[in-house]
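Whenever a hint applies, use it, and build me the whole structure from the sequences.
Each residue of the sequence shown is one higher than the one before, counting from 1 in the numbering used here.
Certain hints may be false.
[To be verified] Okay, derived cross-link-like pairs now, DMTMM-like style, lysine to aspartate or glutamate, Cα gap no bigger than 25 Å in a straight line:
id	residue 1	residue 2
1	Lys-43	Glu-58
2	Lys-43	Glu-130
3	Lys-43	Asp-69
4	Lys-43	Asp-119
[As the list claims (entries may be wrong)] Pair by pair, the computed Cβ-Cβ distance ranges are:
id	residue 1	residue 2	range
5	Gly-124	Gly-50	42 to 50 Å
6	Ala-53	Gly-81	13 to 21 Å
7	Thr-102	Thr-150	28 to 36 Å
8	Thr-116	Gly-81	12 to 20 Å
9	Ser-80	Leu-169	38 to 46 Å
10	Met-140	Gly-50	36 to 44 Å
11	Ile-68	Gly-153	22 to 30 Å
12	Pro-56	Asp-152	30 to 38 Å
13	Gly-105	Ser-141	17 to 25 Å
14	Asp-40	Asp-66	32 to 40 Å
15	Ser-37	Ala-101	29 to 37 Å
16	Asp-166	Ala-34	12 to 20 Å
Hints are computed from structural coordinates only; laboratory data are not their basis.
All C-beta atoms in this analysis are idealised placements derived from N, C-alpha and C, irrespective of residue type, glycine included.
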Amino acid sequence: MTIGRGGKSTPPPGFTLSRSLVGRVAFGVIAAMADLSAADAIKRAGVELGVEAAVPAEAIRTRRLDRIDGGYFLVVFNNSGGNAIAVATIEVESGAPGVTATLPGTAPFPPVSAQTALDLAAAGAGARAEAVWTPCRASMSPLYILWEITGDGRVVYVDQQSRVHDSLLTGGRGGGPGESPIVTE
Numbered sequence: 001m002t003i004g005r006g007g008k009s010t011p012p013p014g015f016t017l018s019r020s021l022v023g024r025v026a027f028g029v030i031a032a033m034a035d036l037s038a039a040d041a042i043k044r045a046g047v048e049l050g051v052e053a054a055v056p057a058e059a060i061r062t063r064r065l066d067r068i069d070g071g072y073f074l075v076v077f078n079n080s081g082g083n084a085i086a087v088a089t090i091e092v093e094s095g096a097p098g099v100t101a102t103l104p105g106t107a108p109f110p111p112v113s114a115q116t117a118l119d120l121a122a123a124g125a126g127a128r129a130e131a132v133w134t135p136c137r138a139s140m141s142p143l144y145i146l147w148e149i150t151g152d153g154r155v156v157y158v159d160q161q162s163r164v165h166d167s168l169l170t171g172g173r174g175g176g177p178g179e180s181p182i183v184t185e
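See below:
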C-alpha cells in the first residue's frame, strides 16, 4: 500500500481497499485492532442509536460472504416484552457503525431465529446455523442476515422471509441479468 500526501492511501495494482481497511488507515499507519467483543459492539451501537445502557440487547456475530475480513455484529435492542426497538451493524474489526434502524417494538428481530432456520431447512441432528450476509437476491440489507445451515453433507441458506436457498444469487437489485451464484466451500 502506498500512502500519499495528506494521508491518502493507494492500494497496490490489482488490490482494492475494503471500507473497514480504509477506516483504519490514519497518518500513513495501519493500526492493528483486535476483534471487537459483543459487549463492546452493544455499547457502540447504543451510543450510535442513543439507546440507554440499561436496555436489553444482543449481538449476533455475522460473517460476510463477500469479504475476507471480519464481518459485523448485528446488535438488537429490545423492549421489556422482548420485541426489537432498534438495530445496528457494528464492524468487528474496526468497531465502526454501519446501518441503523429504529423499530416499533411490536415483534422480535431478526424475524427468523437460528433455531427456526434449522427447522425450516429440515436439518438433521448435528446441523449448525451461522449468521452470514452478502448482498444478494435473498437479502439486500445487512440488517436482514441469512442463516447458513451446515449439516448432512450440504449447505443451504435461510433468509428472513423463511425461504430456503441452495445458493445465493448476486447481481443487480432483485437479481436479473448478470447474476451469479455465490459458492462457499
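Any of the earlier hints contradicted here, and which numbers?
4, 10, 14, 15 and 16
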